[in-house]
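Chains as they are written, first to last, in numbering that gives the first Met the number 0: chain G, 0 to 326; chain W, 0 to 418; chain B, 0 to 274.
Everything labelled a hint here was simulated from the structure, so no lab data went into it. In this text, a Cβ means the ideal position worked out from N, Cα and C, and glycines have one as well. Hints may contain errors.
Which residues of chain G face chain B? A few of them, derived with a C-beta cut under 8 Å, are [as the list claims (entries may be wrong)]:
id: 1; residue: Phe-36
id: 2; residue: Pro-39
id: 3; residue: Pro-51
id: 4; residue: Asn-54
id: 5; residue: Pro-68
id: 6; residue: Phe-142
id: 7; residue: Glu-150
id: 8; residue: Leu-155
id: 9; residue: Val-160
id: 10; residue: Leu-305
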Amino acid sequence: MTAASATHHPSASDERYGAAAFRRFRQSGKLTLLLTFLPPALLIFTIFVMLPMLNASFFSPYKWSGYGPAPWIFNADTGQTFGDWVGLRNFQQLAGHSAFATAASNTFKIILVSLFIQLPLALVLALMIYEKSYANTIFRLIFFVPYILAEVATGLIWSFVFDGNYGLSRTATDVLGLEEAFFPLADKDWAFNAILAVIVWKYFGFHMMIYIAGLQNISRDLIDAARIDGATPLEIVRYIKLPLLWPAITISIFYSVLGALQVFDIVMPMTAGGPSNSSHTLVSYLYNFGFIRLRVGFGSAVGVVLFIIGIVFAFTYRGTVQRRIAA
Amino acid sequence: MNTMKQIAGAMMLAGLVAGTADAETTVKVLSINRDSPEWKQIYTDAITEYNAANPGVTVEIEYMEDEAFKQKLPTLLQSDAAPDLFFSWSGGVFYEQARQGFLRPITGMIGDDWRAEASAGGLAALSYEGENYGAPEAAQNVAIWYNKELAAKAGVDPTAIKTWDDFLEQVKAVKDAGITPIIVGGQDKWTLHFYYSMLAMRIMGGEGILTSSLGENGGFDNEDWVRVGQEYLRLIELEPFQEGYLGVKYDQATGLWGDGGAVFHLMGDWDLGAQRAASSSGGLSNEQLGIIPFPAVEGGRGAVTETFGGASGFVVTKNAPDEAVDFLRYFMGPVPQENAARGGVYIPTIPTAAPLVEDSILKQFAALGGKSTFHQLFLDQALGADLGGAVNDVSAQLATGDITPEEAAAILEETRQFQ
Amino acid sequence: MNRFGWRDFWRISFLVLVSALVVVPLVATILGGFKSAGELRVEPFGLPSVWRLEFYGEIVGDLQFWRYLWNSLFISVATVFLTLLLGSMAAYTFAQIRFFGSRFLFTYLLLGLMFPFAAAIMPLFLTVRNLGILDTSWGVVLPQAAFGMAFSVMFFRTFFEQIPPDLFDAARMDGCGYIQFYFRVTLPLSTPILATIAVFVFVQSWNNYLLPLIMLNDRAGYTWTLGAMDYRGEYIQDWNRTLAFVTVTLAPAVVFFLAAQKYIVAGLTGGAVKG
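Let's have the full structure, built from the sequences with the hints guiding it.
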């Protein structure tokens, strides 16, 4: 994030605040610009991002069906407020709900798999095919296709592949001559692992492209020079490519984690959270137990948890790992 | 050139006038998927006839898959796209909708003649605190279906089943014979909740379930409910279901059943048509099928004559026009219901239509209903979205071995208290 | 130098293996739509014995299917337009002038980058309902544009700051104001970044499922992702129909990708370098 430090034209910084400065500000057309160009973006952002986010925390101590304008407003028809104040009970209920614990640990698993399987895979592939050649371009295109597919389409395709009566699991059963057909999505020990595999399948190409872009920015001369000095290919990767790729890696980690917190679309077509709530993510949990039962307070409480995880990660990450590059 | 313009203008004007003079009212109806084509045809016919007889009104119907329907309804009712009439079961989910003001009371619009032709019990099922909100269509009952040929092949006689132990023994025998004992579509948890709920009925009776839901006698956290879980687990431990049953929805499962996939199937009367529509072989004929009531549980307080099922119909939403109510009367009236009875599609609620049922299987279901000493509504509907959803959840979690019967009872009670 | 050693052998084998993992399910999907249910069960990955066109035909011949696509297209285009216009206007203001609170407001917008947006879906649903735009395309478009704002403002601002200030000073001499400069110079110079952001916003909107799911109740307004799930629910026994449906919707995505490839890669480079 660049702060407002670079000045490349005469700006307010060399003027003293006051009536004269303001007049100049206005006459230069800056005021008009400020008043016409900035508000639309701020307005839409405030209404649809910031206010709902704030409301989530305001709603979370209520039991409320969403009927009426807000839980604390008085409903003349019933002589009560629209919602009931329950304090921390929504959070207590969350903490005691085994499906929530599963959803949280599943979300955590997505983060782990993204960081320790998906990103290394993407990196290895990027190192293999970043150089410009006809064959490499073909591979790159192929690997990027899953990212272009919609999550819903991906989920549908893979639930076919994993269907024990059809697809891959059927073929595997036949080939291995197993007695019992294998239904990964119907087995609570397998369902979420299947989803994890699909997540890697879907997104590795995206991260690979980030790395390829980074690798192509590394100066050819630097690598040639190292080679002439007798560095092995592995040493070149270790001492030149990886350090120079670090900015790209930090960004891909950031996208991975923030993306992992929001996985939903893939889960719905594959398992819808089942069997017996074993494959929920935080968002599908929120949808199932908050949204479709219209428990606004409870759903908001889940949202608050999600929000806290996201914001804590973002700030610590930006503050530590990314600080060097961000400036 | 000029004349052309004038003509065009006049035509447009005429069109506008015609349009406003003949103000069309559209009545939007939303139903769950009608799995059997015959049932869908009854709807289509009723709508076609009504539209023809009422020039100012156009009725449109949409269908939605069961689970999708249940998920969409809460938000749909809050939006302007809400239908005028929608399918509903009786029970807590419906009561919540009525309480929150999403439905339109139509008590005043149900005249004496309408009351005379409709089923009083059915009307009562779709009313809340003395107000009517809809009209009834069908009453459902759940029983154990069996496939006669496969039962013979496995060497069991389902008609001899009197107790839960008998049933478990036969399940075991079938399994030992290398045949799948039971088909279930466990991804739709409500299919599993049938076992859990019916065991509850046999163990504590419908009265006992009511007592629990009122929070008396420890609510759901008492010995009876623990026993329900234990008996349910005795079934689960036999591994009685088809492979991968937790990844299969009801529609798929009933297709497998119709293809002769198992000996037993615990399901409602609607499955008669549903299995035929979903199977790839045309399904099972009446001659191939038999039904028995859910057996008694030893030491249980619930009689075998207590029935479990639903009462369903269509209800009116708060912004629906009067025309919607008028159509409702026709739609749930004698003509479609008598057609349904004659065609063996479902068991109608209208007193004049019910005796017309000739289908041998449906007649047996009707007899079950006729002898009923207590009718328990589907628990996932009766107990409301939260607690009902929790019953579905624990049924699935017990099946996967995630929780113990004690934990299941505790979860239900905790959910009840939070309501 | 050994041109084709073991290293290359392993490298190529690995690449081919990964490619197969990507391609096989996709090909099975495309072919599956041509098979009967029975054949699909026996031979999920092979070529169909008879190429059945009826499932594809039924979908393409269904008006509802085209309505789904149209709704998705409208929502995506409107989202792209709003995101680009509002985002670039705000970014331009930040890049051009400094004012009291500019740093604060910029950081405020950037907060949007860190929010998992799904956290607020329940209040967002209520906001949209209270504004009376539930069940309209705007109920999806406006939140999407709002969530894309942080991302686009950040990218645009970085890009705009690279435009040489001399250019503005020169234009200023000719009596060109800020707003004219934005339309006449900044925007035309920014085509690459506009296109890049447009592509990403478009793909995200086109593929979105959660927002349409909660905002759109009326089938007439469904996007294709909702339509696909609906279709799957309706023909739950018939994988071949679902696969045909998925295939037909893949086509526009792939065509679009090939056309916009250049900008996607550019976007990733930009992201990698700037953050």
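Taking the hints in turn, this is what the structure says about them:
1. Phe-36: It holds, given that the least Cβ distance between Phe-36 (chain G) and chain B is near 4 Å, below 8 Å.
2. Pro-39: holds (5 Å)
3. Pro-51: With a minimum Cβ separation of about 4 Å from chain B (threshold 8 Å), the hint on Pro-51 (chain G) holds.
4. Asn-54: holds (4 Å)
5. Pro-68: Holds, because the Cβ-Cβ distance from Pro-68 (chain G) to chain B comes to roughly 7 Å (cut-off 8 Å).
6. Phe-142: Holds - the Cβ of Phe-142 (chain G) comes within 8 Å of chain B, reaching about 6 Å at its closest.
7. Glu-150: holds (6 Å)
8. Leu-155: Cβ of Leu-155 (chain G) sits 5 Å from chain B, so the hint holds.
9. Val-160: OK, holds: Val-160 (chain G) within 8 Å of chain B, min 5 Å.
10. Leu-305: holds (4 Å)
In the structure shown, no violation is registered for any of the earlier numbered hints.
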